[in-house]
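**Q** Sequence:
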Amino acid sequence: MTLIRPQSGQPLRRLESKSACPYCGTGCGVIIEHDGQHITGVRGDPDHPANFGQLCSKGSNLHLTSRGDDRAREPLQHQRGSENWSPLRWPEALMQMAKVWAEIIHTQGPQAVAFYVSGQLSTEDYYVVNKLAKGFIGTNHIDTNSRLCMASAVTGYKSSLGMDSVPCGYEDFDSADCLFIVGANVAYAHPILFRRIEAAKLRRPELQIIVVDPRRTPTAAIADIFLPIQPGTDVALFHGMLHILIWEGFLNRAFIETHTEGWEELKARVQNYTPQWVAETCAIPVADLRAAAIAFGQAPAALSLWCQGLNQSSHGTDKNVALINLHLATGQIGRPGAGPFSLTGQPNAMGGRETGGMPALLPGHREIANPEHRAEIAALWGVESLHPQPGYTAVPLFQALERGEIETVWITCTNPVLSMPDQTQVQRALEKARLVVLQDSFLGTETAAYADLLLPAASWGEREALVTNSERRITHLRTAVPAPGSALPDWMIFRDFAFILGDALDALNHPLPSAKDASWAARAQRMFNFADSTSIFLEYRECTRGRDLDITGLDFSVLDNQGPQQWPYPEGAVAGQARLYADGVFPTPSGRARFRDPEYLGVAEEIDARYPLRLTTGRLRDHWHSMSRTGKVAALFASDAEAFLEIQPDDARRLNLDNDMLAKVSSRRGNNILRVRVNADLQPGLLFAPMHFGRRYAPAALCNQLTLAAIDPISGEPEFKHTAVQVEPVLFPWQGTILRLLDKDAYFHAAQQIARQFPYASLARMRRGEREGFILRIAGEQAPAASDIQAWDQALGMDSLDIIDYDDGRRGIRKRLCIRQDQLYAARLFGEDVTRDWLRELLLSAADVHSYRHALFAPKVPTDMGTWVRSRGVCACTGVDERILQQHVAAGAVTLGQIAQACGAGGECGSCKPEILDIIRLMRREASCAPRL
Numbered sequence: 061m062t063l064i065r066p067q068s069g070q071p072l073r074r075l076e077s078k079s080a081c082p083y084c085g086t087g088c089g090v091i092i093e094h095d096g097q098h099i100t101g102v103r104g105d106p107d108h109p110a111n112f113g114q115l116c117s118k119g120s121n122l123h124l125t126s127r128g129d130d131r132a133r134e135p136l137q138h139q140r141g142s143e144n145w146s147p148l149r150w151p152e153a154l155m156q157m158a159k160v161w162a163e164i165i166h167t168q169g170p171q172a173v174a175f176y177v178s179g180q181l182s183t184e185d186y187y188v189v190n191k192l193a194k195g196f197i198g199t200n201h202i203d204t205n206s207r208l209c210m211a212s213a214v215t216g217y218k219s220s221l222g223m224d225s226v227p228c229g230y231e232d233f234d235s236a237d238c239l240f241i242v243g244a245n246v247a248y249a250h251p252i253l254f255r256r257i258e259a260a261k262l263r264r265p266e267l268q269i270i271v272v273d274p275r276r277t278p279t280a281a282i283a284d285i286f287l288p289i290q291p292g293t294d295v296a297l298f299h300g301m302l303h304i305l306i307w308e309g310f311l312n313r314a315f316i317e318t319h320t321e322g323w324e325e326l327k328a329r330v331q332n333y334t335p336q337w338v339a340e341t342c343a344i345p346v347a348d349l350r351a352a353a354i355a356f357g358q359a360p361a362a363l364s365l366w367c368q369g370l371n372q373s374s375h376g377t378d379k380n381v382a383l384i385n386l387h388l389a390t391g392q393i394g395r396p397g398a399g400p401f402s403l404t405g406q407p408n409a410m411g412g413r414e415t416g417g418m419p420a421l422l423p424g425h426r427e428i429a430n431p432e433h434r435a436e437i438a439a440l441w442g443v444e445s446l447h448p449q450p451g452y453t454a455v456p457l458f459q460a461l462e463r464g465e466i467e468t469v470w471i472t473c474t475n476p477v478l479s480m481p482d483q484t485q486v487q488r489a490l491e492k493a494r495l496v497v498l499q500d501s502f503l504g505t506e507t508a509a510y511a512d513l514l515l516p517a518a519s520w521g522e523r524e525a526l527v528t529n530s531e532r533r534i535t536h537l538r539t540a541v542p543a544p545g546s547a548l549p550d551w552m553i554f555r556d557f558a559f560i561l562g563d564a565l566d567a568l569n570h571p572l573p574s575a576k577d578a579s580w581a582a583r584a585q586r587m588f589n590f591a592d593s594t595s596i597f598l599e600y601r602e603c604t605r606g607r608d609l610d611i612t613g614l615d616f617s618v619l620d621n622q623g624p625q626q627w628p629y630p631e632g633a634v635a636g637q638a639r640l641y642a643d644g645v646f647p648t649p650s651g652r653a654r655f656r657d658p659e660y661l662g663v664a665e666e667i668d669a670r671y672p673l674r675l676t677t678g679r680l681r682d683h684w685h686s687m688s689r690t691g692k693v694a695a696l697f698a699s700d701a702e703a704f705l706e707i708q709p710d711d712a713r714r715l716n717l718d719n720d721m722l723a724k725v726s727s728r729r730g731n732n733i734l735r736v737r738v739n740a741d742l743q744p745g746l747l748f749a750p751m752h753f754g755r756r757y758a759p760a761a762l763c764n765q766l767t768l769a770a771i772d773p774i775s776g777e778p779e780f781k782h783t784a785v786q787v788e789p790v791l792f793p794w795q796g797t798i799l800r801l802l803d804k805d806a807y808f809h810a811a812q813q814i815a816r817q818f819p820y821a822s823l824a825r826m827r828r829g830e831r832e833g834f835i836l837r838i839a840g841e842q843a844p845a846a847s848d849i850q851a852w853d854q855a856l857g858m859d860s861l862d863i864i865d866y867d868d869g870r871r872g873i874r875k876r877l878c879i880r881q882d883q884l885y886a887a888r889l890f891g892e893d894v895t896r897d898w899l900r901e902l903l904l905s906a907a908d909v910h911s912y913r914h915a916l917f918a919p920k921v922p923t924d925m926g927t928w929v930r931s932r933g934v935c936a937c938t939g940v941d942e943r944i945l946q947q948h949v950a951a952g953a954v955t956l957g958q959i960a961q962a963c964g965a966g967g968e969c970g971s972c973k974p975e976i977l978d979i980i981r982l983m984r985r986e987a988s989c990a991p992r993l
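If you're matching positions, the sequence shown starts at 61 in this note's numbering and goes up one per residue.
These aren't lab readings, by the way, just hints derived from the structure by calculation. We put the CB at the ideal spot given by N, CA and C, even for glycine. Any given hint could turn out to be false.
What the hints assert, rightly or not - Derived DSS-like pairs: lysine-lysine, alpha-carbon spacing no greater than 30 Å straight-line:
#1 LYS576 <-> LYS159
#2 LYS492 <-> LYS159
#3 LYS724 <-> LYS692
#4 LYS724 <-> LYS920
Stated by the list, open to error - If you anchor each label on the Cβ, the simulated ranges turn out as follows:
#5 ASP107 <-> ALA575: 50 to 60 Å
#6 LYS920 <-> ARG149: 52 to 62 Å
#7 GLY442 <-> GLN358: 54 to 64 Å
#8 GLY730 <-> HIS910: 19 to 29 Å
All chains should be built: construct the whole structure from the sequences, respecting the hints.
**A** Structural data, given as structure tokens:
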């Protein structure tokens, strides 16, 4: 391997370490390129069976997320309500925390403390924190942000199939004859799986693809049948399809009679779900409903895929079991290309379920409510007993925190102030808590403002770990570089806290459960004697012995030499199991799968005269969760630089709204101000807003201030996908824009501080070649004071001598351009910012400003600059925007191959292919409607 020598003369090592992507649940294998100290690049692992070397736009930019001043490097103590953070040493930080926790446990009992963790933790992290909570402290109040995405799939699988076990794998995409995609924008949320769907359709055009979604998402571009149902009507749809399957004779009666139970009750239920009633309820044509049912019923192999559209509902479990009913009724399970496949949204959400990292679970797919299961884990952990009552799920947990029933919470690797529904309630709860501990790899999250202590955790590429993806495949993550500062792996923080908590409990003479241990300190040393992640894995592995997810035959040598493996992988196995239930035997008392017969129920919050519109929320292609990672990569802002509100054209006209205007969206809980996008593919009355933007990028666009905390009574998952809202235009008298190259990270932080002082603000990174900067758009009721502007100029380094100012006090216009070596490096456009887009291009292109001096302050775009201004980005890899693509389509490039050849878009990671197809579709539709002379 070639060695590159830096100027110092010391050799720079070129090393590689295999790992997995830390974003969605696809579990793509990656190869981290590094020098032993810094991550320098990333590429897809061609040997990993989840992605075979492909990466999406987010994964391709992973190496850019590990750097920056926003990494947590040392423990910090925070004075609430201020920006003041004081560094602490690890022993001091953990001792402060342990004293408070020990006092609460001693005086109020262990149920007064709680943990809120994350599907981004490793399997080892999950196992240790679960053991700490349930085994050592004795509280079952430990939940995970996975509650917000896949909890309804868990309860659905358990209710129908007997166990939380995904029966399918990615190879089933290749052999399915019908793909039934419901409530999943796979093109955005799981781009690499969508590449696999595209390849299957290209290889076998007869493959029938049905997409069910209230919105025509990019995933729908590939559909043969698209069903834009009303939000929340999924159960009615599935029952209606089953009704048709019964009447058309598409049942597998042998499978029903031999391998299922509860059929007659379900049959009686769906008798009343006639095609006409279901079509009216779902607001779809009867013919399309019938076509979808027949396509599913006729298929030799039918595979269903779903995600948050089904799960994030106050009736999510009902939706899951109603969908699984279709598979059981047709025998479409346990065979190649067939089965119900829930797609998880986080890299180790499944690992959290396996290790019992939820309030009703124990390791190895065991239940807290089951006395035998509690006894088994108590014996493995060496404790006398475990608390028999399941703990609180996420929403009730934060409600209990606000009531004072829970006094302290330890939040790990998640951002509930932004991601939980009804954000205002979560904020109130954290304000009332006696102690809030935040354990994270990044500083400055929305939750950090409410934390008393911040504990720095190692991040992607900095720890040895295991994760399990959506198809039950376990991947070994290798350490590539050391964590910054004194940051530690999460499991190590949990372990070390257990040791110090033991001492603190002993200091209070807190009674031990038995005489088995001489002290709490001795108990901690015995229970958490983990020297490394391998020792944790070996203990967890024993918890799976004899269970449905048995991995007793798996070790690191297998994973390293044979690659990632699917469970079960019991002792003596030579390979994992690709699919489950091929023998028709299910892990239920009878050995049969169970038909469930839920009644269709409406959404938790119906529209009315005051709140007449339906808001749904979801993911974007190039951002993820609350943007702690993707927000660091300028290229990922190109397609969606601002939070926005999509609205149907007729609704927009009725409300006097148009593209690029601002709209106020209000629910019964709060309001947002969002930039308008008119979208003809939306159905009337339906709105869409992305979930990602928070106070760091769009302080007035916190969509979960709008959503409600209604939860599924079985799974505890909230209803994010339907909120009743009202919308009205917002016309601020004053607006402005700041553009600046980022030669210091401090300037971006200063821009964030400025943004929070306005009723509307949007902050986005931008990049062209080696020039990276930001654009800040702000608006308000009145122009800011001259003293404020002066302070902001100073904070942004825009007060140097090489400046040009234009002030018109009468009209409230104050503009400033900062020029260095004949190139624009910053611009302030206050009171009038019509030229912001072409000045952005001037700044990023490094063009000589002298050629444009006559137009720098003009209130319009120069005529010769109109074609220079870029539009919304489409391809994150090549920087190709909508305007360029439209030009190529107009010139005759009407296939993906022709577009890739013409400009490169879609030819690299492929994440933008669905959007390219949409542009082609829309332009061809407009051309066909154009008047002909």
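**Q** Broken hints, numbered, in rising order?
**A** 8
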